[in-house]
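Peer 1: Each chain is listed here by its residues.
Protein chains: 2
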Amino acid sequence: MRATVIHAPGDIRVEDVPEPELVEPTDAIIRTVATCVCGSDLWPYRGLEPVTEPHPMGHEYVGVVEEVGSEVRHVRPGQFVVGSFATSDNTCANCRNGWQSNCLHREFMSTCQAEYVRIPNAHGTLVATDEHPSDAFVPGLLAVSDVMGTGWWAALAAEVRPGSTAVVVGDGAVGLCGVIAAKELGAERIIAMSRHESRQKLALEFGATDVIAERGDEGIARIKDLTGGIGADSVLECVGTAEAMRQALHSARPGGNVGFVGVPHEVAVEGQELFFSHVGLRGGPAPVRRYLPDLIDRVLSGGIDPGKVFDLTLPLDQVAEGYRAMDERRAIKTLLTP
Amino acid sequence: MRATVIHAPGDIRVEDVPEPELVEPTDAIIRTVATCVCGSDLWPYRGLEPVTEPHPMGHEYVGVVEEVGSEVRHVRPGQFVVGSFATSDNTCANCRNGWQSNCLHREFMSTCQAEYVRIPNAHGTLVATDEHPSDAFVPGLLAVSDVMGTGWWAALAAEVRPGSTAVVVGDGAVGLCGVIAAKELGAERIIAMSRHESRQKLALEFGATDVIAERGDEGIARIKDLTGGIGADSVLECVGTAEAMRQALHSARPGGNVGFVGVPHEVAVEGQELFFSHVGLRGGPAPVRRYLPDLIDRVLSGGIDPGKVFDLTLPLDQVAEGYRAMDERRAIKTLLTP
Numbered sequence: 001m002r003a004t005v006i007h008a009p010g011d012i013r014v015e016d017v018p019e020p021e022l023v024e025p026t027d028a029i030i031r032t033v034a035t036c037v038c039g040s041d042l043w044p045y046r047g048l049e050p051v052t053e054p055h056p057m058g059h060e061y062v063g064v065v066e067e068v069g070s071e072v073r074h075v076r077p078g079q080f081v082v083g084s085f086a087t088s089d090n091t092c093a094n095c096r097n098g099w100q101s102n103c104l105h106r107e108f109m110s111t112c113q114a115e116y117v118r119i120p121n122a123h124g125t126l127v128a129t130d131e132h133p134s135d136a137f138v139p140g141l142l143a144v145s146d147v148m149g150t151g152w153w154a155a156l157a158a159e160v161r162p163g164s165t166a167v168v169v170g171d172g173a174v175g176l177c178g179v180i181a182a183k184e185l186g187a188e189r190i191i192a193m194s195r196h197e198s199r200q201k202l203a204l205e206f207g208a209t210d211v212i213a214e215r216g217d218e219g220i221a222r223i224k225d226l227t228g229g230i231g232a233d234s235v236l237e238c239v240g241t242a243e244a245m246r247q248a249l250h251s252a253r254p255g256g257n258v259g260f261v262g263v264p265h266e267v268a269v270e271g272q273e274l275f276f277s278h279v280g281l282r283g284g285p286a287p288v289r290r291y292l293p294d295l296i297d298r299v300l301s302g303g304i305d306p307g308k309v310f311d312l313t314l315p316l317d318q319v320a321e322g323y324r325a326m327d328e329r330r331a332i333k334t335l336l337t338p
Numbered sequence: 001m002r003a004t005v006i007h008a009p010g011d012i013r014v015e016d017v018p019e020p021e022l023v024e025p026t027d028a029i030i031r032t033v034a035t036c037v038c039g040s041d042l043w044p045y046r047g048l049e050p051v052t053e054p055h056p057m058g059h060e061y062v063g064v065v066e067e068v069g070s071e072v073r074h075v076r077p078g079q080f081v082v083g084s085f086a087t088s089d090n091t092c093a094n095c096r097n098g099w100q101s102n103c104l105h106r107e108f109m110s111t112c113q114a115e116y117v118r119i120p121n122a123h124g125t126l127v128a129t130d131e132h133p134s135d136a137f138v139p140g141l142l143a144v145s146d147v148m149g150t151g152w153w154a155a156l157a158a159e160v161r162p163g164s165t166a167v168v169v170g171d172g173a174v175g176l177c178g179v180i181a182a183k184e185l186g187a188e189r190i191i192a193m194s195r196h197e198s199r200q201k202l203a204l205e206f207g208a209t210d211v212i213a214e215r216g217d218e219g220i221a222r223i224k225d226l227t228g229g230i231g232a233d234s235v236l237e238c239v240g241t242a243e244a245m246r247q248a249l250h251s252a253r254p255g256g257n258v259g260f261v262g263v264p265h266e267v268a269v270e271g272q273e274l275f276f277s278h279v280g281l282r283g284g285p286a287p288v289r290r291y292l293p294d295l296i297d298r299v300l301s302g303g304i305d306p307g308k309v310f311d312l313t314l315p316l317d318q319v320a321e322g323y324r325a326m327d328e329r330r331a332i333k334t335l336l337t338p
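Order-wise, the sequence lines are chains A and B. Quick note, in the UniProt record's numbering, the first sequence goes up one by one and the last residue is 338. Quick note, in the UniProt record's numbering, the second sequence goes up one by one and the last residue is 338.
Note that these hints are calculated values from the structure, not bench results. There are no misleading hints in this set.
As the list makes no split between identical chains, a pair holds if one copy fits it or if it spans any two.
As a list, the in silico SDA-like pairs of lysine to any residue whose alpha-carbon atoms are at most 25 Å apart:
#	residue 1	residue 2
1	K224	H105
2	K308	R330
3	K224	R246
4	K224	R96
Using the sequences plus the hints, can you model the full thing?
Peer 2: Listed below in structure tokens is the structure:
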């Protein structure tokens, strides 16, 4: 089958590799209907994470079940399924607490930019739709498997509530989905921080009430201006850099909340600064499985349309161009069709 | 009047100083009925915070109102009042949000180990009891002004809920009050980390179900043993050192919460570690004013007796011995009577 392999920073190729096979009785094999390129895929692509040997890429997917292991009962061959970048048995203590992305048997997906994918813990990871969705819903459902699930989690971690003021730091696909989530959860004012016209436009379409192009101290001052001088109730940190974390912590009001969902790269939080801010901080890989049934419903009912974050669609064979377009910020997010 | 002054690490004296006077129309002057020595007073006493010039000490107090400024209406001369180490106008945006210890007009108290004290923002800081309490309640009400208020906040910041499992890191007066709070808030299992027999005993009396003497990795392993291998729902960090924060973060389960209330000294939280733990982190100076009416009621109704943390009572003139006894851990907390 055709699958994406990274060989070195900037060197992404589609190659012929063996088709995956069932390994554990809890596995499933799916035929990929759509997959995509994640902002976090750009870390190794840009050389900011080491690439010590060639390895497959991709952790977002929707597909049709081809085959299941003997212990997989929740899904069956032929069904259209949505999953998550982190697999979960959905029965362990952490899953029962709602932290499926910290499942005791978690495996992080990493082979999804391919024609077929093996899904470990398939019984606790995959959620099937009632019927095969029309093509129009595929991008939205694909977004749910990661960026929309992550934006949702960012808003919950930041404790967005009806009537609250939310700031979204980061205008990538996750940040934009964070705007959708803040809106759905009832935020009255949603301030998107973005300096890119296409992303500003999409943020406003998703429900942002204000857009701030400034960053750093100037950005923080603008936030304070818009929030009665004290800062926002909730801040969604959707980047993962030290600068973004600083922006987020300083944009929250005393006693406000920061949800941080970008994988932190060289981020440290100073204890005394956090202490005197009274800001609550929670982050991590989104427990997407917890939200899947609800988010799938919201997409299929037309309530939300996170598929709009895909502004470039390419056949899998052109994956290299998909990465390049995102790296050069010509595309927000690239959808790939095998 | 007689008042406590620190001259250098280890050098605490009671001296004659001028009586305080009203400065702002929102001030009150109180005659101190009881004050005490705080764990945080030991930082400069031990030379871990600089003492650049002689300065007064003390931020915990109950007393009787002597005089009020023209804008103080909520309390009047003759009333017995309880306050907080942080003053608040109780009307600004942060106060209205419940973060009185982040009041836009906040002043931290620092002159309370004395016969008389000026209370800024008296109208929003002091809460009067219906009548003068009997002597038996004075220690409990004094504890409410700081350590009990702080233990309460630690438990709320750690999101202790009915049925949850709570770990308390730190067996000082705040940690012990944290045990009381966890119990009142319905925690089913309360694990106190302590290696001092008198404190272990008081923790058990206050409601701890388990006591762990081990620290560091061994302590973390013991916590995991007691919590189904995953850690506790809530952890109250009542110390403020890097080691205590590490202990706290590693004792919480994925998705659990750490409330940190010891002023952090050289504490930094690594972003990626916090991220993958899913642990929520919130701390700061306790918004004691928010809890005062409730906690005063609990003390006066006999529901809680945090006054038991005072195991040494001295006249103000012997304040030096009060510090020494706490420094040498001969006393948990010293109450001073002017």
